[in-house]
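The task is simple: from the sequences and hints, build the whole structure.
Protein chains: 2
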Amino acid sequence: MKATLMYAAGDVRVETVADPTLQQPTDAIVRITRSCICGSDLHPYHSMDASERGNAMGHELIGVIEQVGDAVRTLKPGDFVIVPFAYSDNTCEICRDGFHTACPHGGFFGPSTAGLQAELARIPQADGTAVKVPGVNPDTADESLLASLLTLSDVYLTGYHAAFMAQVAPGQSVTVVGDGAVGLGAVLAAKRMGAEQIILMGRHQARTDLGREFGATHVVAERGEEGVAKVLELTGGLGSHAVLEAVGHMPAYEQSYGVVRPGGVISRVGVPQYELAPVGFGSLFGKNARLAGGPAPVRAYLEDAIQDVLTGEINPGKVFDRTVGFDAIPEGYQAMDAREALKVMIDPSL
Amino acid sequence: MKATLMYAAGDVRVETVADPTLQQPTDAIVRITRSCICGSDLHPYHSMDASERGNAMGHELIGVIEQVGDAVRTLKPGDFVIVPFAYSDNTCEICRDGFHTACPHGGFFGPSTAGLQAELARIPQADGTAVKVPGVNPDTADESLLASLLTLSDVYLTGYHAAFMAQVAPGQSVTVVGDGAVGLGAVLAAKRMGAEQIILMGRHQARTDLGREFGATHVVAERGEEGVAKVLELTGGLGSHAVLEAVGHMPAYEQSYGVVRPGGVISRVGVPQYELAPVGFGSLFGKNARLAGGPAPVRAYLEDAIQDVLTGEINPGKVFDRTVGFDAIPEGYQAMDAREALKVMIDPSL
Chain A
1 MKATLMYAAG DVRVETVADP TLQQPTDAIV RITRSCICGS DLHPYHSMDA SERGNAMGHE
61 LIGVIEQVGD AVRTLKPGDF VIVPFAYSDN TCEICRDGFH TACPHGGFFG PSTAGLQAEL
121 ARIPQADGTA VKVPGVNPDT ADESLLASLL TLSDVYLTGY HAAFMAQVAP GQSVTVVGDG
181 AVGLGAVLAA KRMGAEQIIL MGRHQARTDL GREFGATHVV AERGEEGVAK VLELTGGLGS
241 HAVLEAVGHM PAYEQSYGVV RPGGVISRVG VPQYELAPVG FGSLFGKNAR LAGGPAPVRA
301 YLEDAIQDVL TGEINPGKVF DRTVGFDAIP EGYQAMDARE ALKVMIDPSL
Chain B
1 MKATLMYAAG DVRVETVADP TLQQPTDAIV RITRSCICGS DLHPYHSMDA SERGNAMGHE
61 LIGVIEQVGD AVRTLKPGDF VIVPFAYSDN TCEICRDGFH TACPHGGFFG PSTAGLQAEL
121 ARIPQADGTA VKVPGVNPDT ADESLLASLL TLSDVYLTGY HAAFMAQVAP GQSVTVVGDG
181 AVGLGAVLAA KRMGAEQIIL MGRHQARTDL GREFGATHVV AERGEEGVAK VLELTGGLGS
241 HAVLEAVGHM PAYEQSYGVV RPGGVISRVG VPQYELAPVG FGSLFGKNAR LAGGPAPVRA
301 YLEDAIQDVL TGEINPGKVF DRTVGFDAIP EGYQAMDARE ALKVMIDPSL
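Chains A and B, in that order, give the protein sequences.
Here the working numbering is used: the first residue of the first sequence is 1, the next is one more, and so on.
Here the working numbering is used: the first residue of the second sequence is 1, the next is one more, and so on.
FYI, nobody ran anything at the bench for these hints, they're computed from the structure.
Mixed in with the good hints, there may be bad ones.
Computed beta-carbon distance windows for the label pairs [said to hold, decoys possible]:
hint, chain 1, residue 1, chain 2, residue 2, range
1, A, Gly-224, B, Gln-167, 31 to 37 Å
2, A, Asp-49, B, Gly-107, 48 to 54 Å
3, A, Asp-11, B, Glu-222, 21 to 27 Å
From the derived model, a few chain B residues whose C-beta atoms are all more than 12 Å from chain A [stated by the list, open to error]:
hint, residue
4, Asp-11
5, Ala-50
6, Pro-111
7, Glu-119
8, Met-193
9, Glu-275
10, Pro-297
11, Ile-306
12, Gly-325
Keep in mind the model is a prediction, meaning the values are calculated, not measured.
Every residue, glycine too, gets a C-beta built ideally from N, C-alpha and C.
Take a look at the structure:
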């Protein structure tokens, strides 16, 4: 099969590799209908050390079950499923609490298991991980429906997780830091939770325009202290009840504690590219600001979100603005890195 | 009047100073019935640079109103009141949200206003700050009742704030880091919120014994990695849903993220003696652990807590194990610093 490997920063290749096979009785093999490139794939694209073997890329997919292990009970060949970016058993105490990304029997897709920017993928803990999409035939489904379903494997539900962990409530002011696909998902989620004011901090017009369509009431293009001042001005000097941080770099963190209101919450879903950060009296503690967030337990939200997409209540697939076949995946990385594309879908049929 | 001043680390003096006077029409003057020494007073006691003028000390009191400014509406001379360690207007949007310690018209008692380890004190924003204790005559009240009411000015309700911000819920596992008076208050609050398992991390037998009386189900005397391992063992390897951190030093923070369960919360009320701390993938983010806490908005909790004390439902005053008159306040600091006393009360009549 074709699969995507990264050999070093900037060096992405599509190669023919061995098809995956069942390794555990709880595994399933899925043939990919659509996959995509994630903003977080750009972190190694900037910084990865050279590797002779290459790292398998990709962690988002919708697809059709080809084969299941003997212990798989809820899925069968032919089922059309969504696979979250992390696998989990969905039965342990941590999963029952809704934190599947910390499941002790789970893990993240990537080099150690399989990359999902490939024609086929092995899904560990298949019963706990993959969720069937009822009543949809991927061969005849509308392209926009497939796009929206694909966002449920990561990007929209990661934005949703930011809003969920911030406990966004009706009437609140929410600031979203970052106008990438996750930030736009956070805008959409905050809107659905009833936020009254949604300030999107971002400077890419095409993205912030989609942000407005998703529910942003204000756009702040300024960054740093200037951006903080602008948000404070828009919030009567108080700041936002919830700040949804969808970037992962320190300047975004600093902006976040600058614009959070006393007693408010910063909810991070951008993977932090730092370990130490200010949390003392001058940043979080003095104003009782809270810090939340982490890798989204997409699995916890999947059934409800599938219904929201199927009924047309949300259309998060609008974040995709380019589709490539396998051979053009390297160009897809380049386009996202250069910000010529917001989010790139992979269609194996192209 | 007599007042307590700190001139340098370890140098506390009781001196005669001018009586406070009304400076704003919203002020009141209170004659102190009881005051006390706070664990947080020990931070400058260890590290304060020498000052010629000295810093006025103390931020906890119960007392009787002597005089009120023209704009004070809810209090009159003779009223017996509790004064929180921060003053606030109790009417602005931030106060209405329950975060009085960040009130834009408020502030903390201390050098810039007045120390409350004094015979008299000026209370700014008196209507918003002081709360009358109904039906209690301080001259005839039981000593243990006065002690419990005094803890509502800071120490018990600071422990309560830790549990409140952690949203401790019935059936949960809670770890309290620190066996000082605030930590013991956190144990009591967690017990009242229905925590099933309360693990107190502390190594002073007299204190942890009181912790058990307040509701601790386990005591862990070990610190660092050993302490973390012990808590994980007691929680089936998962850690606690809520960690209430009542110390403020980095080792306590590190223990906290070591013992918090995925999706759990660390709620800090020990004033952080650090600004930077680990919050990245390896500490908080990876397991979706949350960080909460800050200076307790005692005022928000005061009415309910007064009722709990008056009805005898709680008796947090047990944290006081020594009482001194004004002249012995320096010895009181020494005793708390040497851990010979848990918490020292000041009784002007001695």
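Hint check results:
The hinted range of 31 to 37 Å is satisfied by A/Gly-224 and B/Gln-167, whose Cβ atoms lie roughly 33 Å apart. Separated by about 52 Å at the C-beta atoms, A/Asp-49 and B/Gly-107 satisfy the suggested range of 48 to 54 Å. For the pair A/Asp-11 and B/Glu-222, the beta carbons lie near 48 Å from each other, so the given range of 21 to 27 Å is not met. In this structure B/Asp-11 is separated from chain A by more than 12 Å, as the shortest Cβ-Cβ distance comes to about 24 Å.
With a least beta-carbon separation of about 23 Å from chain A, B/Ala-50 lies farther than 12 Å from that chain, consistent with its non-interface assignment. For B/Pro-111, the condition that its CB be more than 12 Å from all CB atoms of chain A holds, with the nearest at approximately 16 Å. With 12 Å as the threshold on Cβ separation, the claim that B/Glu-119 sits away from chain A holds: the shortest Cβ distance comes to roughly 30 Å. No beta-carbon of chain A comes within 12 Å of the beta-carbon of B/Met-193; the shortest separation is about 18 Å.
A beta-carbon of chain A comes within 12 Å of the beta-carbon of B/Glu-275; the shortest separation is about 4 Å. Residue-level check failed: B/Pro-297 sits 7 Å from the nearest beta carbon of chain A, not beyond 12 Å. Listed as outside the interface, B/Ile-306 is consistent with that label: its C-beta sits roughly 22 Å from the nearest C-beta of chain A, beyond the 12 Å cut-off. Chain A leaves B/Gly-325 outside its interface by the beta-carbon criterion, the shortest separation being 33 Å against a cut-off of 12 Å.
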